[in-house]
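Protein sequences appear in the order of chains B and P.
Using numbering that gives the first Met the number 0, the first residue of the first sequence is number 0, and each one after it goes up by one.
Using numbering that gives the first Met the number 0, the first residue of the second sequence is number 0, and each one after it goes up by one.
Because the hints were derived from the structure by calculation, they are not lab data.
By construction, the Cβ of each residue, glycine as well, lies at the ideal position given by its N, Cα and C atoms.
Please note that a few of the clues may not be correct.
Claimed, not checked - Across the chosen pairs, the derived CB separations fall in these ranges:
{"no.": "1", "chain 1": "B", "residue 1": "L424", "chain 2": "P", "residue 2": "G40", "range": "27 to 35 Å"}
{"no.": "2", "chain 1": "P", "residue 1": "L118", "chain 2": "B", "residue 2": "V130", "range": "39 to 47 Å"}
{"no.": "3", "chain 1": "P", "residue 1": "I125", "chain 2": "B", "residue 2": "L34", "range": "32 to 40 Å"}
{"no.": "4", "chain 1": "P", "residue 1": "S58", "chain 2": "B", "residue 2": "A547", "range": "35 to 43 Å"}
{"no.": "5", "chain 1": "B", "residue 1": "V543", "chain 2": "P", "residue 2": "S58", "range": "33 to 41 Å"}
{"no.": "6", "chain 1": "B", "residue 1": "Y50", "chain 2": "P", "residue 2": "S122", "range": "53 to 61 Å"}
{"no.": "7", "chain 1": "B", "residue 1": "P629", "chain 2": "P", "residue 2": "L118", "range": "36 to 44 Å"}
As the list claims (entries may be wrong) - If the Cβ cut is set under 8 Å, some of the chain B residues that face chain P in the computed set are:
{"no.": "8", "residue": "F266"}
{"no.": "9", "residue": "V300"}
{"no.": "10", "residue": "F323"}
{"no.": "11", "residue": "G330"}
{"no.": "12", "residue": "F607"}
{"no.": "13", "residue": "I612"}
{"no.": "14", "residue": "L616"}
{"no.": "15", "residue": "T617"}
Unchecked claim - Stretch-level coverage of chain B by chain P, calculated; a stretch enters the list once three of its residues show a Cβ under 8 Å from a Cβ in chain P:
{"no.": "16", "stretch": "272–285"}
{"no.": "17", "stretch": "514–522"}
The chain contents come next:
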Amino acid sequence: MATSTLDTDGPSYPGEVPESHGIIGARSDWLKPNLVWAVAGAVGGWFFGRYVGDLIAGNWTVSQDTTMNNVSVVFAMSFGVLGWIAGIGGLTYPFLKMLGREPAPVLPSRSWVRYFRMTEDHKVVGLQYLVGVLVFLFTGGLLAMAIRTELLSPTSHVFGPGTYIAIVSEHGTMMMMMASSAVVGPLGNWLVPLMIGSRRMAFPRIEAFSFWIFMAGYLVIMTALPLGGFPTGWTAYAPLQTQANPGMDAYLVGFAVIGIGMIAAGFNLAATIINYRAPRMTWSRVPIFVWSILATTALLVLATPTLVVAGYLGVLDRTVQTAFYVTEHGGSSFLWENLFWFFGHPEVYIMALPGFGIVMEMMPVFTRKPLFAYRVAAAGMIGVALLSFFVWQHHLFQSGINPDMRPLFMLTTELISIPTGFLFLVTLGTLWRAKIRFEVPMLFCLGMLFNFLIGGITGVFLSDVPVDVTVHGSFFVMAHFHYTIMGGLIFALFGGLYYWLPKMTGKVLNQRLAKIHFWTFFVFFNCTFFPLFLVGLLGMPRRVFEYAHNLQTLNDISSVSAFLLGASFLIFIFNFVWSVYIDPVKAPDNPWNSRGLEWQTASPVPWFNFERIPVVLTDPYRYSEPDAPPVADLGVASLVSVGAISYGEAVSPRDVESPLDQPGDLDPRPPIL
Amino acid sequence: MADKLVPAESFPTLRETPEEIAYELRSHEGALWSGSRMLMGIWAFAFAALGFAYFYLRSANNADLWRPAHITAPSGVGAAVFAFSLASAFLATYGLWRFRSGSGLDWEVAGWTGVLCSLTAVSLQIWQLTDLPFFPGSSGYASCFVGWAGMNIVLLLCGAYWLETLLARHLRLRRAVVEDGGLARSTLPAVRLFRVNLEGCTYFWVFIAFVALFFWMLFYVV
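Extracted from the complex, chain P is given alone in its bound form (with noise of 0.2 Å):
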């Protein structure tokens, strides 16, 4: 199976010294905090398209369909779902600050439990959009909100998906750093980029948590 036209002598062993290990370790620190605000990017354009839907429909008013007799999704399963995503971004804020204070279990709770909470908040999504008192296709606002439920249900298990694998992560860290002054404080290359993601995370919890009360004013208030 070997490809016996590339030279062996192509593929010499890697000898890395231990400062071009700490400039690539600086360097992928950076590409974390990098990437987690592109992530926000990505989201706000995806979001502020769906943005752009609900104000262009609702000024249009094609038909006098925005939103016929002011039909508004049951608001009390969107408080729900909009307090069950504030509590998870809170608790990975929480969750944060106690781990920087060196409090790996308070993290811990506060990680699982937002957990818990965001997986609420996509339980209680899709389980309002089985039971809406309005067609899809039967209003622009109908349409939006069937449109922005989807998306809220996606922004949200990623936002769980990535605090679940912090947390999975720190349940095979924790220990094995014990000795080198705790996972607040350890230099090792794996912890510190650690700290970078977790923060990254939270950050993304903040952002998910402005998104949701943007678009629960928007189809709930206003």
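So here's chain B without its partners, still in its complex pose (with noise of 0.2 Å):
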């Protein structure tokens, strides 16, 4: 069958987009939903859920310090999610589908408010969660280090021990939030359709809804702060969650609205890579960063649910005075460590896997090798999300858990440290015998792998009840987990953006700022981190602000270290700022000479992403073969002549004519929820 064309109908796409400016009845881009819409939403809803709380418990008891019950709270923070969903238009698309409309297309803006709306491109959605990510990332480093200097000395303080705990739950509730998308966010959404072939995203309005409300997340556990903050550290156990003040409302609401933001992302994004994937991209052809957000996927979709549930079930206890969480009433404080950790493990490595899908990416780009037993890469990635669901019980050997069960969980513990071998061993195999391109991404994964080395067999140390029971509640686990995923997510996550920036934004990054960023973060990583796993061994508990004299030279090491590591923060953003607006320096169409589908598009990428659907031809790791055929034909070949789709598939000009004369059923394209 001849491949002939078919224009779209109407203005479908921004070369086609008229001007708008100046045509009477036009709407400004201000006045179409867009952030300042949603702020006004967030504040309305606040203050008319206040009321309606106020309406319906206005007798009840104030909580302490603040002139606000805890239902009211609660609805204050509902409302305002909503008004804030509503003012981005998140609501516009539901509303027209129970009219039985489809609504037209977004149509695609040249104009800088696209960043600041609800948008069908996951491109500028991706950007939109960087620069998402990145607030979280710096709200909570700020908090980080606000918890450092207080730490300084060991008895002269800063802050007040209700301050420092609040400060600390905070800090810890809003990294978590942020890691959770730290790379599904901004690298998955970005890149995922790219790297597939694909041209768009299967749900592209879940996708922005994905991200609004992940920044509602943000603004509603913001306000725990004015609300006395909440003291419970970022696990929330049990029986403090119930008696905590309203600051506590503000992290089972945000954390319940981030966990729906979480499996939007994830349903969308699992629904796009076994979907959308390009004719011929057979599984085993599927780029193994893909593979990584694919299993993330899934313990998004399916792990998440129980977090909001479980936030769900606190807000009850704390509203309508049910008792889930209330031993005393028949609840049990047990119940809330289980469902929490029933996520709160596979969150982990929600954090985890893509940040290896990162690393697994790049080197064999920087060592011009195939990436090393890739099945074994794709099924370890696979084994690790299994197992992660059986394991949530080694968080409660201390507590909450029948003696006789801890060595089974000790053992599914234990297990799960094979895949994750499985991932290590790939990589190292990949370096084996490598003329490895020191490149930044490079840089990156290296110290990732160090890292993650040092956190990942401390891991298996305290899989092991004895080891487990010592240190519980130490500064050691502390050490742990921020080697894991600062150390393993935020190191890939860094080298992952120095990797595909240039592909994003179309400029380079300054490679002697992005080399000094590199080795200041890793020392100071090491610096901040290593000493603590000294001090937790000494004896040191978390979240608590006083400790022993004999701990303050470890403890200044790491503050200092800690201050020198934002500062590192601040190198990064620098360059960022300095390198893509003031000094830009255009970059090459594949600066590092990669063979993935992502580069082979147009830079910068059209809004479609290809100008024809690709056809893959092969693996994207063929690195060290000088004559191995490009990974996919990106405009010759004929949906039809591969087998992609049949003759009679193809859909006639007639039929691509809409049947009904609404002005979103004109868009020939498929309708998209």
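Hints are included, so try docking the two chains, each in its own frame, into the full complex.
Printed below as a string of structure tokens:
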């Protein structure tokens, strides 16, 4: 069949977008749903929710230090989130669906205003997520600075104990929320369609919704501070959870809101990867980063509902006075621990797997070797994802578990180190006898491997019941998970940013500044967190603002290093602003000489990603073969000739004419949810 | 307002081939299929968390307050909520069967009746919550019941919303595709997607029925 082309009806794509300015009746970008309206909606929703809450429970006991009771706090937050989503335009489509309409696709805009609106362009959403994640990261980072400032001295204090624990809790929660979307949000959304040869996401509106509700979660969790904070740390154990002041409501509602966003993001990415792969992109040709995102989406979609429900039950306890987590009334504080960690441990792999995916994706590029044991890597990720559902009780070794069950969960926890070890060995196998190009992304990969080795091995120690019981609740555990999450995920994230930002922005980041960023980040990260292993082994508990005098030297090393670590982030920001806005240098189309499909399309990437849907010819890691075919045919092969569709399936121009006369149905492409 | 830094050539016109449109259409059919099944997975884990809470508190029986004096939520209203939920699921399934047989009208009648049944179930569930014979925090059972009732309301509203959107879409589509063999047989992209969507929605209602059955037994029978 001839590959005749069919012009899209109407102004569906940017080149055809008429200038709307000056046209009578055309709405300005600022009058359409956008961030300003979202903020207005959130503020209005807050006050409306508070009014409704007071109406329902105005005579309830007012919580300590506030003028609000828990019901009005929860209503204010919930309506605030609803107002935010309405303001950004997130309710328009669901409402139109109720009327049986498929709304017109949002026209891609050249204006920078598109970054402040809901959009169907996955690349814009990816960049929105990047900014959002950095906002979370820097907020959490500032709180970390405050923690380390307090711990400079064992007995002289900057904060009171209540303020200190509120800061620790806010920091932990903020960082965990950030880390759950750190890679999946920016890089997952930006890259996955490009890597699988798709022009679009499966559910772009759900994708956009996931970002905007993620930011709503940020606002909710920030409201905890003016409401007095919460004293539980990021794990929010009951019964303290039930007794805490209204800042706790912000934690419960905020985490549930973020959870909804995580589910939405995972849902869309999974559907996209499963269904929108380019013709002939078999599962054995899927880029390993995409495998990591797919494994992560399974965890996002299945584990996160448990968190949302756990938060919902907590809110019920604090508002309608149920007793889920109140032991004296037939509930159990250990119920929270179980539900929370049933999500919480998969959450660890939600954070770790994409990091490994980035590293394994980049290593073949900088070693010019195929990815070692590709299938083992993919199997390892699936193995980790599956086993992560069966290990949660190791968080309860100290409390809340029948002691006879400990060996079982010790075994499952140790088992998960096997597929994790696969992933590590795949990276080492790729490095083996390679001529490594020590470019900045590769430096971050190597840094990640070093850090994760320490974090992983201490994790094996901690899976052992006697060790876990001994160091439970100490700085040793804290250092362990900072090595895995910050040392693993954040290093991989920065490596990925240095690697893909030239494609995302079209600009090259200054390499000298980038190397300074890496070395300061790497050195001060280790100087910050390694002493904390020792501090923990010497008996210093987490979340306590006074400690023994003999631990001051180690704590001071950690604190000073933490400040310098924080400063290293500023180098990245300066480099980004300098290289992208102040003194931009145009990036080559494929600066790393990568075979990845995302590098083969035009730069800057057009709105629809590929001029023709690519036909994949081989896997993307054949770096050692000079005569290897290109990874995909980007314009010649017909989808019929390669068997992607049959002759009869091709949709004729008559068919794509809409049977309806609504604007949205004029779009010849299938309607999208 | 336009960003002058972005070159116009980065936004060339997309010219899709018929094969590409067909390929994307098939992809989106697959996405709807996968999405509807994933939605069941999401809800299944959410309700599994609640089920875990139920059995955990029941087995712990802390302070001997799992279910003092074997209090039960009003079983008549509970049975009605259950019956209306089942009726919705049955009507959705029956409607799909009739739709496949080419009777769009039967599906429409069954669908609207199903929406009505589910909204009735929601109303009854809300009314039941306002008139419980126990305080929400009086026992583990009471807490679990209140938690389940809230989730059940949201689940039923989700199902009703999905079904309603399909019915509204059907109203707009049916006349337009009469010449193309009707909604059950038309090969137009919008109709193909509608059918996949409808099938997913019906499976979701069957899932709702199973959830309703499971928790009805937990709270009213066992």
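We went through each hint and held it up to the structure:
The hint said 27 to 35 Å for the Cβ distance between B/L424 and P/G40, and at roughly 31 Å that hint holds. Between P/L118 and B/V130 the Cβ separation comes to about 41 Å, which falls inside the hinted range of 39 to 47 Å. Between P/I125 and B/L34 the beta carbons are some 35 Å apart, a value that agrees with the proposed interval 32 to 40 Å. The given range of 35 to 43 Å is respected by P/S58 and B/A547, whose C-beta atoms sit roughly 42 Å from each other.
Separation of B/V543 from P/S58 is about 34 Å and conforms to the stated range, judged on CB atoms against 33 to 41 Å. A hinted range of 53 to 61 Å is violated for the C-beta pair B/Y50 and P/S122, which are about 25 Å apart. Against the hinted window of 36 to 44 Å, the Cβ-Cβ separation of B/P629 and P/L118 comes to about 56 Å, which falls outside the hint. A hinted interface residue such as B/F266 counts as satisfied when its beta carbon comes closer than 8 Å to some beta carbon of chain P; here the least separation is about 6 Å, so the hint holds.
At about 6 Å, the closest approach between the beta carbon of B/V300 and any beta carbon in chain P falls short of 8 Å, and the interface hint on this residue holds. Against a cut-off of 8 Å between C-beta atoms, the interface hint on B/F323 holds, since the closest Cβ of chain P lies about 5 Å away. Satisfaction of the interface hint for B/G330 is found here, the shortest Cβ-Cβ separation to chain P being roughly 6 Å, below the 8 Å cut-off. At a threshold of 8 Å, the smallest CB-CB gap from B/F607 to chain P is about 5 Å, leaving the interface hint in force.
Residue-level restraint check for B/I612 holds (minimum Cβ-Cβ distance to chain P is 5 Å; threshold 8 Å). Given the 8 Å rule on beta carbons, the hint for B/L616 is violated: about 17 Å separates it from the nearest Cβ of chain P. Checking B/T617 against chain P: minimum C-beta separation of about 20 Å lies over 8 Å; hint violated. Remark: the stretch 272–285 of chain B is confirmed as covered by chain P, as 4 of its residues place a Cβ nearer than 8 Å to a Cβ of that chain, reaching the required three.
With 0 residues having a Cβ less than 8 Å from any Cβ of chain P, the stretch 514–522 of chain B misses the three-residue criterion, and the hint is violated.
Hint violations for this structure: numbers 6, 7, 14, 15 and 17, all remaining hints satisfied.
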